[in-house]
Amino acid sequence: MSSIPHDHAAGHEHAHEHHPGGIMRWIMTTNHKDIGTLYLWFSFIMFIAGGSMAMLIRAELFQPGLQLVEPEFFNQLNTVHGLIMIFGAIMPAAVGFANWQVPMMIGAPDMAFGRLNNWSFWLLPFAGLLLLGSFLSPGGAPSAGWTLYPPLSVQTGMGMDMTIFAVHIMGASSIMGSINIITTILNMRAPGMTLMKMPLFVWTWLITAYLLIAVMPVLAGSVTMLLTDRHFGTSFFNAAGGGDPVLFQHVFWFFGHPEVYIMILPAFGIVSTVIPAFARKPLFGYASMVYATASIAILSFLVWAHHMFTVGMPAAGQLFFMYATMLIAVPTGVKVFNWLATMWKGSMTFETPMLFAIGFIFLFTMGGFTGLVLAIVPVDISLHDTYYVVAHFHYVLVAGSLFAFFAGIYYWLPKWTGRMYDETLGKWHFWLSFIFFNVTFFPMHFLGLAGMPRRVPDYATQFTDWNVVASIGAFGFGLSQFLLLVAVLKTIRSGAPAPARPWDGADTLEWTLPSPAPYHTFETPPVVK
Amino acid sequence: MQPDIGMRPRRAANLRTATILLSIAAVFFGGIIVAQYSDAPEVAIGVLGLAVLGFLVISIGRNVGRRGRR
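Just so you know, the protein sequences line up as chains G and S, in that order.
Under the numbering used here, the first residue of the first sequence carries the number 790, and numbering increases by one thereafter.
Under the numbering used here, the first residue of the second sequence carries the number 647, and numbering increases by one thereafter.
No lab work stands behind these hints: they were computed from the structure.
Ideal Cβ placement from N, Cα and C applies to all residues, glycine included.
Some hints could be false.
Simulated coverage check for chain G against chain S, where a stretch passes if three residues somewhere in it have a Cβ under 8 angstroms from a Cβ of chain S [unchecked claim]: (1) 995-1007; (2) 1011-1020; (3) 1083-1096; (4) 1132-1142.
All chains should be built: construct the whole structure from the sequences, respecting the hints.
Given below as structure tokens:
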């Protein structure tokens, strides 16, 4: 990719700022920037909602014994926290970035299907309300864990139906969004913008969108079968009727493991955009990054049963899934190597986006490494459903996806708002997040190795000390996130005016536009040379 | 596939791409349920799994490494 020389005269000097005002602007909008903003604010609200549940969980686990909530409610909190964070916070945030950035990065005037884009977003608040509203239903929210395993999910109350419906809606939203993104990337690139010239963020989203098209229907199909088991007398997963509960686990994880990469690949794309900008060097090994992303996506379909080693499977199956899982470390290692090589001998500066990107590399690599540990069958059998697994996936998804999204927010905020963020505030946000994240989740490795099971509201007293540490870290991490809100609001209200290209090394198409980016951009496509 | 500057051909190309993708998603959704009703559900679901994997390999593979196309 590297730098993209293009015709500066084309595209945006005739852009006009006309757009409807008031609430109707946001309800009726088909503009990719408005919809990107809606996605990002929605995901932040869901992040706060899911985070509040995490705070309650950590408050309960601050001491052994039952402190604040009943065990049943604790299970509900765990379940909805997972669902909200995955489907309500991380995925919509990634789509928000795609909406804002993909058209601008490929020189397209907008997404391919504006109304579909609007609809994709406006389905989400209703799905979010259904999920959160399930707490108010008879029997409360679902308590089967975010994986919705039967038989629990077949037996629980109406909250599960609301959750299944919410998953259907969010799945439909994701599929529509993916169709829009693929079509935009394949059909609406500016002249001269070949596939192998696209910024890596666009590449990662193209592959992510293909993953979504492949797996969301599988999830939708499996929860539909769950619904018919609950209400229409079928027995797909109901052992009492001759069904097979383990089948659900296979189908769920056939969706679930690629889902992990759906959440992390856009983060890879953001980090691959931020690091070259602040290292002031082109991305090292662009083509190998594209191939590595494609390899990760394809391999992600061949490893699902590593989540199920304890369920029981032939030794040959265990070996296959163990080695296939380890194989993913190869393309992932290529990426980490390339990020480090990009920084090597670069003229680096450490503004907030770069700090979050480097924090991402460090912590995501740790999370990936514990994933390798868990890929080893005998180790996994010992550590399955312990806090080691909780530590692992939070290192991948919080320090991975979330830190990269923070990097992306600070990186593109000048382009989105036309104002610079407060660097001091951003750095406070980074350091507090980095420290408290590790205080929260690193001790969970010890707890897991010592045998503390996950999804329990009470625990043996020997686990107390590290749980106290983890809870203190969690409160600190949670509170630190309000700094992001303050930083964004302060930027919007009183940030210093941002130049068109505030970062020396930023060389993708969006930086050729003025800041803030005009409402309509690239109505005449730029020519990429 | 080919980006087009003209609005009408682009619209048609967009609709074609979207229809193909939506059809694939619909087949996967229906397939996972229909597979349970076949005489050999394990084989049917295996075939569907391979179809999903094949879709991914083909869709990504045909784009990766293309340098010359606009």
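Verification of the hints:
Residues of the segment 995-1007 of chain G lying with their CB closer than 8 angstroms to a CB of chain S number 10, which satisfies the three-residue condition for coverage. Beta-carbon proximity to chain S at under 8 angstroms applies to 3 residues in the segment 1011-1020 of chain G; the threshold of 3 is reached and the given coverage holds. Beta-carbon proximity to chain S at under 8 angstroms applies to 5 residues in the segment 1083-1096 of chain G; the threshold of 3 is reached and the given coverage holds. Figure legend: the segment 1132-1142 of chain G, annotated as covered by chain S; annotation inconsistent (0 residues with Cβ-Cβ distances under 8 angstroms, at least 3 required).
Going through the hint list in order, the structure does not satisfy hint 4, though it satisfies all others.
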